[in-house]
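Asker: Here are the chains, one letter per residue:
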Amino acid sequence: MHYLDDVWYCAALATEVAAKPLARTICERPVVLFRTASGRVAALEDRCSHRQAPLSRGRVIGEEIQCVYHGFVFDCAGNCTHVPRQESVPAAARIAHYPAVERWGYVWLWMGPPEAADPDALPDLDWNANPKLRPVFFHWNVKANFQLMADNLLDVSHTDFLHGDSIGSRIAAKGGAGEPKVELECRIEGERVHFMRRVHETLLGPVATKWAGSDKPVDRTNYLMWEAPNTIHSVLEFKNAETHHTIHLDHIMTPETPATMHYFMNWTRDFGIDNAGYPTDDDVWREQNTVIGGDDIPMVEAQQANLARFGAVKDVPALQDRFVVAVHRTLARLYRDAGKPVPREIER
Amino acid sequence: MHYLDDVWYCAALATEVAAKPLARTICERPVVLFRTASGRVAALEDRCSHRQAPLSRGRVIGEEIQCVYHGFVFDCAGNCTHVPRQESVPAAARIAHYPAVERWGYVWLWMGPPEAADPDALPDLDWNANPKLRPVFFHWNVKANFQLMADNLLDVSHTDFLHGDSIGSRIAAKGGAGEPKVELECRIEGERVHFMRRVHETLLGPVATKWAGSDKPVDRTNYLMWEAPNTIHSVLEFKNAETHHTIHLDHIMTPETPATMHYFMNWTRDFGIDNAGYPTDDDVWREQNTVIGGDDIPMVEAQQANLARFGAVKDVPALQDRFVVAVHRTLARLYRDAGKPVPREIER
Amino acid sequence: MHYLDDVWYCAALATEVAAKPLARTICERPVVLFRTASGRVAALEDRCSHRQAPLSRGRVIGEEIQCVYHGFVFDCAGNCTHVPRQESVPAAARIAHYPAVERWGYVWLWMGPPEAADPDALPDLDWNANPKLRPVFFHWNVKANFQLMADNLLDVSHTDFLHGDSIGSRIAAKGGAGEPKVELECRIEGERVHFMRRVHETLLGPVATKWAGSDKPVDRTNYLMWEAPNTIHSVLEFKNAETHHTIHLDHIMTPETPATMHYFMNWTRDFGIDNAGYPTDDDVWREQNTVIGGDDIPMVEAQQANLARFGAVKDVPALQDRFVVAVHRTLARLYRDAGKPVPREIER
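Protein chains in written order, with the working numbering: chain A, 1 to 348; chain B, 1 to 348; chain C, 1 to 348.
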C-alpha cells in the first residue's frame with residue numbers, strides 16, 4: 001500500500017454503520033462495513049471469494065455476513081464458515097479483514113497488517129464525550145486528493161477570502177479597510193505539528209458574528225494540532241469584553257482513491273448546547289454544508305482538476321503557509337521512515 | 001477477432017429491426033441493422049466509407065441504405081452503388097457486410113468470414129414456433145462481460161439466494177428450515193453440455209408458486225443445455241399430484257464489448273397461452289424485468305465492477321459449480337481449437 | 001503546441017467576456033478571460049501560481065484579478081502584484097498571459113509567443129460593422145475535432161442531404177427529380193482557398209425558401225474563402241427575376257482539445273435588417289440552432305465517435321470534395337512549414 005499503514009483511518013461515522021452492509025473504499029481498498037447482531041462493528045474486503053460478488057449486497061446473520069449470490073458465509077475475521085450444500089469449506093475461501101474500532105462517534109480501520117493494530121494509537125477526540133460540549137457530525141465525499149483538503153484547513157488564511165462573506169474575518173481584500181494585527185505560531189513536536197493564528201480586534205463575517213455572540217471586534221484565535229495521517233484537531237475561540245465562545249473541531253481526511261477522499265468532521269460547541277436556541281444542530285448542519293459544501297469542496301475539486309490539466313507545475317508558497325510546510329515535511333519524513341514513496345502532493 | 005467466429009451471434013429481436021436503421025455493437029464491431037422494402041434483414045459495418053459517418057443515421061431506400069451526410073448508397077452486400085453527382089463509384093468504397101438470418105423471433109449475425117456462414121449451425125429454438133406454447137421476448141443491455149451473465153444462469157443454485165423472495169425455492173438460508181433433497185446431473189456431449197437439477201418436494205417463493213399453479217410442495221426440475229458461444233436452452237418443470245407446468249426458456253448472451261453484453265431471452269409457457277388470465281404476456285414481462293432487471297443484472301454488473309477493482313483474484317469454486325466448470329472447459333477447448341486466446345473469464 | 005501558433009484563435013463572443021471571469025480551454029490550454037474596470041479584455045492561464053486554484057473562480061478588481069482562495073493578485077500581463085500580508089512578491093509567481101484583441105464581435109487570442117502577436121493578422125470580418133447588414137452571433141461547444149466541423153462546411157453538398165428538409169436544395173435523393181446544373185470552382189491563392197458552388201434554377205427546402213424570399217426556382221450560389229487556422233468566410237446568394245438576397249456568414253473553428261472544439265458563427269443578412277418582420281434575430285437564432293444544433297453537430301460528433309471506434313480507416317473522397325482537399329493540402333503545408341506534425345485529420 002502506498003499509504004502509511006501504522007495509523008488508523010476513519011472509515012465512517014458510527015451512525016452510518018448498521019446491520020445493512022455499507023460499501024466504502026478506504027485507501028483504494030473496497031471494504032464492506034457492517035454491525036453484527038451483538039452491536040460489534042466489522043470490516044472485510046468487499047468480495048466473496050467464490051465469484052467475487054460484493055459482500056456489501058449481502059445480509060448480516062448473527063455475527064456473520066452471507067453473500068446474497070450463492071450463499072457463502074463469512075465471520076468478522078474473514079473466515080468462510082459455510083458453503084451451501086457441502087460439508088467442508090476450502091481454506092482458500094478466506095478473505096481479508098480490517099481491525100475496526102468504534103470510538104468518539106467514528107469507526108476507525110487499521111489498513112496495515114492486522115496483528116499490528118494498536119488501539120492506543122487512535123487519535124484522541126475526547127471532547128465528543130464531554131457532557132458540557134455538543135458535537136454535530138459530518139461526512140463528505142470529495143473529488144480531490146485528501147492532502148488538498150488537509151492543506152485547505154492547514155492554511156487558515158483562506159477563510160478570509162473564500163469565506164469572506166460568511167465565516168471569515170473582514171481583513172482580506174487588497175486595498176480594503178485597515179488590516180488588524182495577526183499573530184502566527186508554529187511548532188513541530190515529534191509526529192505532531194501545532195499551530196496558532198490570532199487575529200486581534202477584528203470584525204467578522206455574519207455567520208462568525210453569530211458564533212461569537214458579539215458584533216463588536218473580537219480576538220479570533222485558531223489553535224490547530226495536526227497528526228498523521230491527516231487529522232486536524234482545532235479549537236476556534238472568540239473573545240472580547242462581552243463574550244468568550246469556543247468551538248472544537250476535528251477534521252479527519254481519509255484517502256479513497258488518489259483523486260478522491262472522505263472528509264469527516266465534528267463541530268463541537270460550548271454554547272447553545274441545550275439545542276433550544278441558536279445554534280441548534282440543524283443550524284450547524286446547514287451552516288457547514290453551506291460553507292464547506294458550497295465553498296471549500298468546490299475549490300479543492302477545482303484545484304484537483306487544475307492539477308490534472310496543468311501537470312507538473314510547482315506551487316509558489318506564501319509566508320502564511322508555514323503550517324502547511326511544516327506538516328508536509330513531517331509527512332514526508334514519515335513516508336520515508338516507512339520506506340514508502342513520498343506522494344507528489346507533499347513534494348510540491 | 002478474439003471471439004469464436006464459426007458461430008451465429010444473436011444481434012436483435014426480430015421486432016427491433018425495421019426500416020429505421022438500428023445501431024448496435026456486436027463482438028466489438030459497430031453494426032447497422034435494417035429491414036429493406038422487401039422485408040429482408042441486413043447488417044453492414046456502421047460507417048460510410050466516404051467520411052466515416054454512421055450509416056445508422058441514414059435511410060433505407062428500397063433494398064439499399066443511403067448515408068445522410070453526403071448521399072453515398074450501399075447495397076446489402078456492402079457494395080457502394082451510387083455517389084451523388086459522379087458517374088463512377090470507386091471500388092475502395094465497399095464496406096463489410098455480415099450475413100444475417102431472421103429465425104425463431106431473433107436476428108442472427110455471422111461475424112466470421114461471410115463465405116463460411118452456415119445456416120445449419122443456427123441454434124434450434126423451435127418451441128417458439130409451437131402453437132401450444134406462447135413466448136415472450138426480452139432484450140437487455142448489461143454492463144458486464146457476457147460470460148458473467150452466462151455463469152449466473154449456469155449456476156441455478158443462485159436462484160434460492162438472489163431470488164429467494166420471488167422465484168427461488170425455500171432452501172437457502174444457513175440454519176434455515178430443513179433442506180430438501182437435491183439431485184444434480186451433468187454431461188458433456190461434444191460441443192454441448194447438459195445439466196439437470198431437481199429439488200424434491202420443495203416450497204417455492206411467491207412468484208414461482210404462481211407459475212407452478214400449486215402452493216403445495218413440488219418437485220422442481222431445471223433441464224439445461226448449453227451450446228457455444230453462450231446459448232442456454234432451459235426447461236423448468238413444476239410437478240406434484242395436482243400440477244404439471246413447464247416453461248421453456250432460451251437465454252442468449254452476445255458480447256458487445258469486453259465489459260458489456262446483450263442479453264436476449266424468451267420465456268415460453270405451456271399454460272395461460274390464451275393470454276386471458278394469469279400469466280398474461282404483460283405479467284411475464286413485469287415479472288422478468290423485476291427478477292432479472294432487479295436482481296441478476298445489478299449483481300453481474302457489480303461483479304464486473306468488483307473484478308475491475310480487485311484485479312487478479314481467483315474464484316474458489318463450490319461443488320454446485322460443476323455445470324459452470326464443464327461449460328468453461330468446453331469453451332476453453334473451442335477457443336484453443338480455433339487458435340484463439342482463452343478469455344480470462346473462463347480461465348479463472 | 002501542436003497547433004499553428006502564428007495565427008489568432010477566436011476564444012469567445014465579445015458579449016461572453018464580462019467582469020465575471022470566464023474559464024475556457026483554447027488549444028488544450030486552460031485560459032481565464034475577463035473584462036477589467038476600464039473595459040479591456042484580458043486572458044491569463046487559468047491557475048494561481050500559489051496553489052493552482054483556477055483564477056476563473058476569482059474576482060476582477062480594477063485592472064487586475066484576485067484569486068479567491070488565498071488572495072494573490074495578478075495584472076493583465078500575468079505579473080503577480082500582491083500577496084496578502086507579505087511585502088514582497090516572489091518573481092516565480094508570474095503566470096502566462098495571452099494577447100487578446102476584441103474585434104468584429106469576437107475576442108481573439110494569440111497562443112504563440114506573446115511578442116509575436118500581430119493584430120494585422122486578424123481575419124477581416126468587416127461586414128459585421130456594416131450598418132446595411134445585421135449580424136446574429138453564435139457559439140457552440142462541439143464534441144469533435146475542429147477539422148471535422150470545418151470539413152462539414154467546406155463540403156457544401158452535404159446541405160442537400162443532411163438539411164434536405166430545411167435549408168438544402170431539392171437535388172439530393174438517388175432516383176429523385178431531375179438534377180439541376182451545378183457549377184464548382186476552386187482556387188488556391190497563397191494561404192487562402194477560394195471556392196464557388198452554384199446550383200442553377202433549383203427548388204429550395206422550406207427554410208431556404210423563406211431566406212430567398214421567392215418560392216420559384218432560384219440560382220443558389222455559395223462563395224467561400226478559407227483561411228488558417230480554420231476560418232470560413234461565406235456569402236450565400238439567392239437570385240432570380242424577383243429576388244436577390246445575400247447572407248454573409250463567418251464560421252470560426254477553434255480547437256478546445258483534440259476531440260472537442262468551439263464553433264463560433266455570425267449569420268449576417270442584407271434583408272429584414274430592421275428586425276421588425278421575418279427574419280428577426282430570434283428567427284435566425286432558432287433556425288440556426290435547429291439546423292446546426294440539430295443536424296450538423298450531432299453528425300460531426302457521431303463521426304468523431306465513429307473514428308474512435310473504427311480506428312485507422314481511410315476516407316474515400318468524392319469528386320465534390322475538391323475544396324476539402326485543397327484546404328487539407330494548404331493546412332498540411334502550413335504545419336510542415338511551421339515544423340509541426342501534420343494532424344491525422346488532414347492526412348486522411
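Simulated from the structure, these hints should not be mistaken for laboratory data. Quick caveat, the model's predicted, so the values are computed rather than measured. Warning: the hint list may mix true and false statements.
Claimed, not checked - What follows is a list of derived Cβ distance ranges for each label pair:
no. : chain 1 : residue 1 : chain 2 : residue 2 : range
1   : C       : PHE310    : B       : CYS186    : 48 to 54 Å
2   : A       : ALA92     : C       : PHE310    : 40 to 46 Å
3   : B       : ARG309    : A       : LEU13     : 22 to 28 Å
Each residue gets a CB set at the ideal place from its N, CA and C atoms; glycine is no exception.
Asker: Does each hint fit the structure? Answer for all of them.
Answerer: These are the hints, each one checked on the structure:
no., hint, verdict
1, C:PHE310 / B:CYS186: 48 to 54 Å, "violated (42 Å)"
2, A:ALA92 / C:PHE310: 40 to 46 Å, "holds (44 Å)"
3, B:ARG309 / A:LEU13: 22 to 28 Å, "holds (23 Å)"
When each numbered hint is compared with the structure, a violation occurs for hint 1 only.
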